[in-house]
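> Turn these sequences into a full structure, and let the hints steer you where they fit.
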Amino acid sequence: DVKVTQSSRYLVKRTGEKVFLECVQDMDHENMFWYRQDPGLGLRLIYFSYDVKMKEKGDIPEGYSVSREKKERFSLILESASTNQTSMYLCASSLEGQGTDEQYFGPGTRLTVT
Amino acid sequence: ILNVEQSPQSLHVQEGDSTNFTCSFPSSNFYALHWYRWETAKSPEALFVMTLNGDEKKKGRISATLNTKEGYSYLYIKGSQPEDSATYLCARSGNTGKLIFGQGTTLQVKP
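Note that the protein sequences, when read in sequence, are chains A and B. Numbered continuously in this note's numbering, the first sequence closes out at residue 114. Numbered continuously in this note's numbering, the second sequence closes out at residue 111.
Hints are computed from structural coordinates only; laboratory data are not their basis. Everything numeric in this text was worked out from a predicted model, so none of it was measured. The reader is advised that the hints may include incorrect statements.
Derived Cβ-Cβ restraints for the label pairs, each shown as a range [stated by the list, open to error]:
hint : chain 1 : residue 1 : chain 2 : residue 2 : range
1    : A       : E69       : B       : G79       : 29 to 37 Å
2    : B       : G54       : A       : T114      : 46 to 54 Å
3    : B       : K110      : A       : K70       : 42 to 50 Å
4    : B       : S28       : A       : R14       : 43 to 51 Å
5    : A       : E72       : B       : Y76       : 35 to 43 Å
6    : A       : S82       : B       : S10       : 24 to 32 Å
Covered by chain B, per the in silico footprint, the following chain A stretches (three or more residues, Cβ under 8 Å) [as the list claims (entries may be wrong)]:
hint : stretch
7    : 60 to 73
8    : 77 to 87
Glycine residues also receive a C-beta, built at the ideal position from the N, C-alpha and C atoms.
Here it is as structure tokens:
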């Protein structure tokens with residue numbers, strides 16, 4: 001079974017802090033994704049990566065950056081956390097960059113910025 | 001339709017009822033349509049990936065149909081059970097693997 005793990009289930013940070021969210025997948029998937037989920041808005045893509053050290057902006061990249069130094073690990077960085085970044089963050093991976101590939105999701109990190 | 005839209009936003013049914021919800025998406029440059037189920041405190045899990053107009057997929061009591069010409073997909077649940085309570089997400093993909101999600105339909109099945 002594909003397993004996608006995220007470093008924390010719940011996280012509370014202060015405004016202005018630098019925040020790292022880590023995601024690890026164990027099935028040698030090429031693609032990895034970061035989403036945020038807010039009530040009534042569905043999942044919105046922040047960034048994705050199709051290879052090590054490669055990244056592309058999603059629909060809402062402002063205020064975020066990412067890092068993929070190893071194939072299995074994809075990190076989301078909030079450079080200076082703000083209250084409007086309070087949200088549920090989900091990581092996902094897929095085998096390749098095919099539109100028919102299903103994505104495998106982690107359990108999510110609920111981040112609260114105070 | 002510019003975005004992926006799902007309706008209704010939420011649904012409450014009694015155990016044993018059959019139900020269905022809708023996903024609407026831009027029909028131009030269609031590649032694939034995904035359905036995911038997201039249960040509370042769990043990770044979203046893929047239900048179906050559909051590509052062909054007229055496609056129909058089934059998994060137990062859940063089935064889905066696809067109309068790519070008019071840009072919609074229906075998800076049906078026959079004889080709903082409390083364990084079907086979840087948020088159902090649909091997403092449209094291009095050929096790059098990126099998904100554009102709808103806002104989801106939250107189903108609550110009362111025993």
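> Evaluate each hint against the coordinates.
Now for the hints, and whether the structure bears them out:
1. About 49 Å separates the C-beta atoms of E69 of chain A and G79 of chain B, a value inconsistent with the hinted range of 29 to 37 Å.
2. With their beta carbons about 51 Å apart, G54 of chain B and T114 of chain A fall inside the hinted range of 46 to 54 Å.
3. Take K110 of chain B and K70 of chain A: their Cβ atoms lie about 46 Å apart, and the range 42 to 50 Å holds.
4. Our hint of 43 to 51 Å for S28 of chain B and R14 of chain A holds, since their Cβ atoms are close to 45 Å apart.
5. For E72 of chain A and Y76 of chain B, the hinted distance range of 35 to 43 Å is satisfied, since their beta carbons lie about 37 Å from each other.
6. The supplied range of 24 to 32 Å is met by S82 of chain A and S10 of chain B, whose beta-carbon atoms lie about 29 Å from each other.
7. With 0 residues having a beta carbon nearer than 8 Å to a beta carbon of chain B, the stretch 60 to 73 of chain A misses the requirement of three or more and the stated coverage is violated.
8. For the stretch 77 to 87 of chain A, the assignment as covered by chain B is violated, since 0 residues bring a beta-carbon within under 8 Å of that chain's beta-carbons and 3 are needed.
The structure shown violates the earlier hints numbered 1, 7 and 8.
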